[in-house]
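Sequence lines, in order, name chains A and B. Going by the UniProt record's numbering, the first sequence opens with residue 1, and the numbers climb by one from there. Going by the UniProt record's numbering, the second sequence opens with residue 1, and the numbers climb by one from there.
Keep in mind that the hints were calculated from the coordinates and are not lab data. Just so we're clear, the structure is a prediction, and the values are computed from it rather than from any experiment. Just so you know, not all the hints are guaranteed correct.
[Unchecked claim] Residues from chain B that keep clear of chain A, each with C-beta distances beyond 10 Å, as calculated:
| id | residue |
| --- | --- |
| 1 | Q40 |
| 2 | D79 |
| 3 | R88 |
| 4 | S120 |
| 5 | K129 |
| 6 | S146 |
| 7 | E238 |
| 8 | R239 |
| 9 | A244 |
[As the list claims (entries may be wrong)] Here are the simulated distance ranges between beta carbons:
| id | chain 1 | residue 1 | chain 2 | residue 2 | range |
| --- | --- | --- | --- | --- | --- |
| 10 | B | D173 | A | M233 | 31 to 37 Å |
| 11 | A | A66 | B | F103 | 17 to 23 Å |
| 12 | B | G198 | A | Q70 | 41 to 47 Å |
| 13 | A | Q70 | B | G268 | 45 to 51 Å |
| 14 | B | S192 | A | S245 | 41 to 47 Å |
| 15 | B | G198 | A | M233 | 24 to 30 Å |
| 16 | B | S235 | A | P168 | 19 to 25 Å |
| 17 | B | S121 | A | Q248 | 32 to 38 Å |
| 18 | B | K196 | A | G58 | 39 to 45 Å |
By construction, the Cβ of each residue, glycine as well, lies at the ideal position given by its N, Cα and C atoms.
There are 2 protein chains.
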Amino acid sequence: MGSVLTTSWMYTGHANKRHLTWCGLATKPQCCDDAAFEGQRKKVLIVYAHQEPRSLNGSLKDVAVAELSQQGCSVIVSDLYAMNFEPRATGKDITGTLSNPGFFNYGVEAHKAYKKQSLSSDIIEEQKKLQEADLVIFQFPLYWFSVPAVLKGWMDRVLCQGFAFDFPGSYDDGFLKGKLAILSLTTGGTASMFSKTGVNGDFRYFLWPLQHGTLHFCGFKVLAPQISFGPEMASEEERKGMVASWAQRLKTLWEEEPIQCSPPWYFGQ
Amino acid sequence: MGSVLTTSWMYTGHANKRHLTWCGLATKPQCCDDAAFEGQRKKVLIVYAHQEPRSLNGSLKDVAVAELSQQGCSVIVSDLYAMNFEPRATGKDITGTLSNPGFFNYGVEAHKAYKKQSLSSDIIEEQKKLQEADLVIFQFPLYWFSVPAVLKGWMDRVLCQGFAFDFPGSYDDGFLKGKLAILSLTTGGTASMFSKTGVNGDFRYFLWPLQHGTLHFCGFKVLAPQISFGPEMASEEERKGMVASWAQRLKTLWEEEPIQCSPPWYFGQ
Numbered sequence: 001m002g003s004v005l006t007t008s009w010m011y012t013g014h015a016n017k018r019h020l021t022w023c024g025l026a027t028k029p030q031c032c033d034d035a036a037f038e039g040q041r042k043k044v045l046i047v048y049a050h051q052e053p054r055s056l057n058g059s060l061k062d063v064a065v066a067e068l069s070q071q072g073c074s075v076i077v078s079d080l081y082a083m084n085f086e087p088r089a090t091g092k093d094i095t096g097t098l099s100n101p102g103f104f105n106y107g108v109e110a111h112k113a114y115k116k117q118s119l120s121s122d123i124i125e126e127q128k129k130l131q132e133a134d135l136v137i138f139q140f141p142l143y144w145f146s147v148p149a150v151l152k153g154w155m156d157r158v159l160c161q162g163f164a165f166d167f168p169g170s171y172d173d174g175f176l177k178g179k180l181a182i183l184s185l186t187t188g189g190t191a192s193m194f195s196k197t198g199v200n201g202d203f204r205y206f207l208w209p210l211q212h213g214t215l216h217f218c219g220f221k222v223l224a225p226q227i228s229f230g231p232e233m234a235s236e237e238e239r240k241g242m243v244a245s246w247a248q249r250l251k252t253l254w255e256e257e258p259i260q261c262s263p264p265w266y267f268g269q
Numbered sequence: 001m002g003s004v005l006t007t008s009w010m011y012t013g014h015a016n017k018r019h020l021t022w023c024g025l026a027t028k029p030q031c032c033d034d035a036a037f038e039g040q041r042k043k044v045l046i047v048y049a050h051q052e053p054r055s056l057n058g059s060l061k062d063v064a065v066a067e068l069s070q071q072g073c074s075v076i077v078s079d080l081y082a083m084n085f086e087p088r089a090t091g092k093d094i095t096g097t098l099s100n101p102g103f104f105n106y107g108v109e110a111h112k113a114y115k116k117q118s119l120s121s122d123i124i125e126e127q128k129k130l131q132e133a134d135l136v137i138f139q140f141p142l143y144w145f146s147v148p149a150v151l152k153g154w155m156d157r158v159l160c161q162g163f164a165f166d167f168p169g170s171y172d173d174g175f176l177k178g179k180l181a182i183l184s185l186t187t188g189g190t191a192s193m194f195s196k197t198g199v200n201g202d203f204r205y206f207l208w209p210l211q212h213g214t215l216h217f218c219g220f221k222v223l224a225p226q227i228s229f230g231p232e233m234a235s236e237e238e239r240k241g242m243v244a245s246w247a248q249r250l251k252t253l254w255e256e257e258p259i260q261c262s263p264p265w266y267f268g269q
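Taking the hints into account, I'd like the entire structure generated from these sequences.
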């Protein structure tokens, strides 16, 4: 059960000061002890939802692990299918007694259980990874204009009230503020099908619930999505290009400005 | 395992001719045999995703069963949590040999398994219910601007290629054309929070992936959603009003015109 992978890290040197600031990378100065240097390393969590390691999603995940490790980041992958991650939000998520056993309200019970540290261990484990992360990459194939159910379940269960948000404490004040998030996804349709005049409408339309309603709600700054359009209709060479393009973008990802996550970005002309 | 409920049906009379046409209801004429009359009855599938029978979602489901049965419809409920419905799309969904065991592609395998009638029995059972239905009601609480994972998994697994759509065979030519669908959902936020100027944006924004990207894609005609806003912040009387309002709407639901399911409905001024 589980296939959590923590890559080893390595020292690398970078000339670009801004990059250094974001990524916390440098050749370790002799005066700097290991603990201090460790504290500078950027931590990345990749939440990955594909059944086939050799798929394009698998390759995109692998190249992200390789590139970010090469940069000196610490990378952890939550491989949801390999972990057989539970997507259903039920009473099993609360260990011990329920606050109101006669009337089960998942949101209320999960909130109270978070505060009492009595959520189930799989949720706590994901929350710990998320709490540590500077950047979260969601790697998945688009299922019905959204994430696969196993990843939706990760969002439903891990991002509970008290941990990821509260009232007050949402959107720019969400509890995960200070962290970056990015969706890296593959689609069945082509880019033109996901344009304003295409049959599926603009790709930004379907990003609203995920980027605004979920990630921004929890306080994340959202980077522009990495969309690999229609890999199953593409040639092997084109698919390699999609992987190379992602690897290239990751080299300067820390320098990117987040999107302005509000209606004009999604629905503007 | 499972809590599939088939309500009994009854004869009722209606004066409104248009209603008669849609609903297929009439006092059974003496010349009409039972089988012919049975063929006229409208069939409704309610896909229901809430853990607590006594919740507002439970009440909205119950009142729909009661009202539609009262009309003479045949009603089936798929109670996803009670069924412990599997949300994860995996190789377990395909019985027998995989088409390509060395490289698992869920969409391709599910499509082939559908044609060979070798999908897992839980998927086949839901597809049969869906195939029979004239109207599908999705009853759920909004989780992260979308359906709970257990319902997302129902969509991911049941609406497979070959059954619900193909290429060609999507949107107005989707294989479920001729059927009606409606989302009946509850929200955490109030109606003003889900307005164009509200913090969550217009409620129509989050409906796009569900109504257009899923239901319309499969050929459904989509009725305007039934949204019960913020029941947890409402009084008991207001919650009763939400249930009564849904029951009232159901009385004439068959007379409603579907929405124009295209970008202007969702994102227009």
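Quick rundown of the hints versus the structure:
1. Distance check on B/Q40: its Cβ is at least 33 Å (rounded) from any Cβ of chain A, clearing the 10 Å threshold; non-interface status holds.
2. Annotated as non-interface, B/D79 keeps its C-beta farther than 10 Å from every C-beta of chain A; the closest such distance is 13 Å.
3. With a closest Cβ-Cβ approach of about 5 Å to chain A, B/R88 is found to fall inside the 10 Å limit, against its non-interface label.
4. Distance check for B/S120 against chain A: the nearest CB is about 15 Å away, which clears 10 Å, and the non-interface claim stands.
5. Listed as a non-interface residue, B/K129 keeps its Cβ farther than 10 Å from every Cβ of chain A; the least gap is roughly 19 Å.
6. Interface exclusion of B/S146 from chain A breaks down, the closest Cβ pair being 5 Å apart, not more than 10 Å.
7. Once the 10 Å rule is applied to beta carbons, B/E238 is consistent with being away from chain A; the minimum gap is 17 Å.
8. Listed as outside the interface, B/R239 is consistent with that label: its C-beta sits roughly 13 Å from the nearest C-beta of chain A, beyond the 10 Å cut-off.
9. Every Cβ of chain A is farther than 10 Å from the Cβ of B/A244; the closest lies at roughly 21 Å, confirming the non-interface assignment.
10. For B/D173 and A/M233, the Cβ-Cβ distance of about 20 Å falls outside the hinted range of 31 to 37 Å, so the restraint is violated.
11. Look at A/A66 against B/F103: about 21 Å separates their beta carbons, and that is inside 17 to 23 Å.
12. Checked against the given bound of 41 to 47 Å, the beta carbons of B/G198 and A/Q70, roughly 44 Å apart, stay inside it.
13. One distance hint, 45 to 51 Å for the beta-carbon pair A/Q70 and B/G268, holds here, with the actual separation near 47 Å.
14. For B/S192 and A/S245, the hinted distance range of 41 to 47 Å is satisfied, since their beta carbons lie about 42 Å from each other.
15. The beta-carbon spacing between B/G198 and A/M233, approximately 39 Å, falls outside the hinted interval of 24 to 30 Å.
16. At roughly 23 Å, the beta carbons of B/S235 and A/P168 sit within the given window of 19 to 25 Å.
17. For the pair B/S121 and A/Q248, the supplied restraint of 32 to 38 Å is violated, since their beta-carbon distance comes to about 46 Å.
18. Taking the beta carbon of each, B/K196 and A/G58 are about 40 Å apart, inside 39 to 45 Å as hinted.
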